[in-house]
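J.: One-letter residues, chain by chain:
2 protein chains.
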Amino acid sequence: MEKGFDFREQLSVMARERLESSSIGEIIELAARHRALSFGAGEPSAELFPKNAIREAVAEAFAEKDVWGYYHDDFGYLPLREWICERMGKDGMAPSWVQPEHILLTNGGGEGVSLVSEALIDPGSVVLVESPTYVESLLTFRKQGAVCVPVPSDDEGIIPSELERIASAVRPRFLYTIPNFQNPSGRTIPEERRVQILEILRKLDFPMLEDDPYHYLSYDAVPPTSFLKLTGNDYRVVHCNSFSKTIAPGLRVGWLVVPPPLKKALHHLRVSAGLGRPTVIQAGIWRYLSGIDFLSRIEELCKNYRERRDAMMDGIKRFLNPLGIRASQPAGGFFIWCESPDSRDIHSFARYSVEEHGIAIIPGQSFFPKGDKRGDWAFRLSYAKVTAEQVEEGMQRLVRAWESYPAARATSGF
Amino acid sequence: MEKGFDFREQLSVMARERLESSSIGEIIELAARHRALSFGAGEPSAELFPKNAIREAVAEAFAEKDVWGYYHDDFGYLPLREWICERMGKDGMAPSWVQPEHILLTNGGGEGVSLVSEALIDPGSVVLVESPTYVESLLTFRKQGAVCVPVPSDDEGIIPSELERIASAVRPRFLYTIPNFQNPSGRTIPEERRVQILEILRKLDFPMLEDDPYHYLSYDAVPPTSFLKLTGNDYRVVHCNSFSKTIAPGLRVGWLVVPPPLKKALHHLRVSAGLGRPTVIQAGIWRYLSGIDFLSRIEELCKNYRERRDAMMDGIKRFLNPLGIRASQPAGGFFIWCESPDSRDIHSFARYSVEEHGIAIIPGQSFFPKGDKRGDWAFRLSYAKVTAEQVEEGMQRLVRAWESYPAARATSGF
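From first to last, the protein sequence lines are chains W and S. Position one of the first sequence corresponds to residue 1 (this note's numbering), numbered consecutively onward. Position one of the second sequence corresponds to residue 1 (this note's numbering), numbered consecutively onward.
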């Protein structure tokens, strides 16, 4: 075979310098290859997908004329946007200016983060992120050329004084936060702190991207008022959400709440990235949601996930705390952040653990900008897809891996 | 209401300087508002969508475990990629190196154009385009900061000597072409000229994005061999395609054929733009295609569209040629390019025509880079959704509009 044209020599700066693999992907792949038990997967449990109801709803949606051609509104299927708008209003998530015209349906939450990144990031722009934060969003911000600066966080999320100190120095384009049951830390920012954070944003005049996919997976109490609602008519918050956790991620439907001054730019960005998304899926989701009591569905999900969280926390108490590993109980979502007492290289340990002991965890480094060492001693556990029996077995494997790792590292170079 | 944060002051260069509305969108919207007859819409005819078969196929696809969670391969549902690969091989569209691992499923053809743009365009990069060319692709290239340079074209598409002259002067990142039944010109590049174009690409060492959504809608003969196939192991051609015309655009499924040296970059770009696309739709399309004789389906489509083309060409002969308007017969696809004998402002005429006489056409300016005057005297007609009766009525309206426009312009400022 002749050599042929080598695109690698001709890539854009974006493709050549700003793209990275997701390190979560690496571990998930290893877990599949080694048929390992996984405390790694960040996706919801398959038994909880409303499969029959969705199949029927989508089949019915195919009877609509509008689903076959290009949908007339690039923001997506209007009845679903109306449903979202009403729901967010009822649940105290949105201020009164939010109307269906401000809801843009996206390919999961990820497309929302991507569109906002394109609209607000120039090469060299600073984006402030939580510490740790969601790895896929870091990849998206970097793709646009952002420098991601982590704001020190404690058990209640971003520390306001640190936010003010850093934002004063760097003039950020925006702050990115997952305020409820954060991925990966499990942390929730209390309402009082949210108000303080918004005051800093107003004072230093920069906006926020609020990513809230775990909102409804709240196991102990009603979650604090959203930043979107708290900011009111100040339009400072772009809110991103998704049906991936409450229905199923494979349907790839999420949404953005777009403040009026951002509508035109996001509309153009959407059109230039391949016109609309499949309307029949959006219409199917709307039919499904119209036929159920959404809050009962949420209650059922929460009951299931609450039990899983409790089982995992119990396992941590019995198996990991004795090793000196610390973890805080999350009030919702899927994730528990664990901190190690020693300075082992967690990424190397995670590979050892999945390859040699058949248990997958996600190393902390994934959740910090590159070069940041704060993830070296931490890892993320997810209980979303883990039964009580699997907690027991997985924890035993994890303990064996943890205890044998120092010797394995010395001899086999892990 | 207080003023609040104004995102318009904080937009990225991309969002502030590079986004434009699609002027096609404007006319389509006017057509809907005035309930006009439309010779404008570039989408396939709704009677030809295989509605029942697709509805059943998608309902069956929901039984697959893989469609509910995140699909394990970010390039999309493997059986559909295998089908595409086999089909392209059989139909002489792909060289032997093309395997399922090189097929990336996209949100319609548009996402393919967008991903390739991100991979290859830097701000200020030159992209060579046909003259005229597809407006949405122009928007996508510009969004990444490209300078789009039209290559003079004749009835057989890009003129090789012009391509060589311009490419020698500007060092293009790539050439963008719709080689078959082009949108908007209806032109097809003959095989001999394709070979000449590829020689120039090799000599001056730049690649091509071949966008071929109308491939199977060939009414008079087998279309010429694809650039992808002709380039063989030279890997110089990225091929973009879609099921929008052969099945239905609302499903939003297209694909890219990705040369091996470009795979890694496109994989990362896909992940950072919202993970995968809805697998159930891809799986449904695969089930549908597996249950039919694809070439018989194509034959039926071609029979229908051939009749529509012939009716529209007949209407042009009877109604528009007498006005001095010239048009060439396309050998496939949906579009006829018409050139006016006078120097009227076609954009203004198109608005007059749809608002006052209830007939929509797409003005030529839309298909050239901004400031290029070559579209001023031309317009695009589409026959895809137009019956013979509608041709008759629409042509009569168009003649009335054409003849009354000069006076209307003088008195009412159109």
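Treat the hints with caution; some may be incorrect.
Which copy is meant is left open, because identical chains are indistinguishable; a pair holds if it fits in one copy or across any two.
[What the hints assert, rightly or not] Simulated pairs of lysine-lysine, PhoX-like, Cα-Cα distance not exceeding 25 Å:
1) Lys51 <-> Lys370
2) Lys370 <-> Lys317
3) Lys385 <-> Lys3
4) Lys90 <-> Lys203
5) Lys65 <-> Lys51
6) Lys65 <-> Lys317
7) Lys3 <-> Lys264
8) Lys263 <-> Lys370
Quick caveat, the hints were computed from the structure, so don't treat them as lab data. Fair warning: this is a prediction, and the values are worked out from it, not measured in the lab.
J.: All hints, please: hold or fail.
T.: Results of checking the hints against the structure:
1. Lys51 <-> Lys370: neither (39 Å within a copy, 49 Å between copies)
2. Lys370 <-> Lys317: The answer is neither: 31 Å in one copy and 65 Å across copies each exceed 25 Å.
3. Lys385 <-> Lys3: Neither, since 46 Å and 46 Å both go past 25 Å.
4. Lys90 <-> Lys203: neither (30 Å within a copy, 64 Å between copies)
5. Lys65 <-> Lys51: Both ways: Lys65 and Lys51 sit 24 Å apart in one copy and 10 Å across, limit 25 Å.
6. Lys65 <-> Lys317: So Lys65 and Lys317 fail the 25 Å test inside a copy (56 Å) and across (34 Å) alike.
7. Lys3 <-> Lys264: Between copies only: 18 Å across, 45 Å inside.
8. Lys263 <-> Lys370: Answer is between: at 23 Å across copies they meet the 25 Å cutoff, but 33 Å inside does not.
Checked against the numbered hints given earlier, this structure breaks hints 1, 2, 3, 4 and 6; the rest are met.
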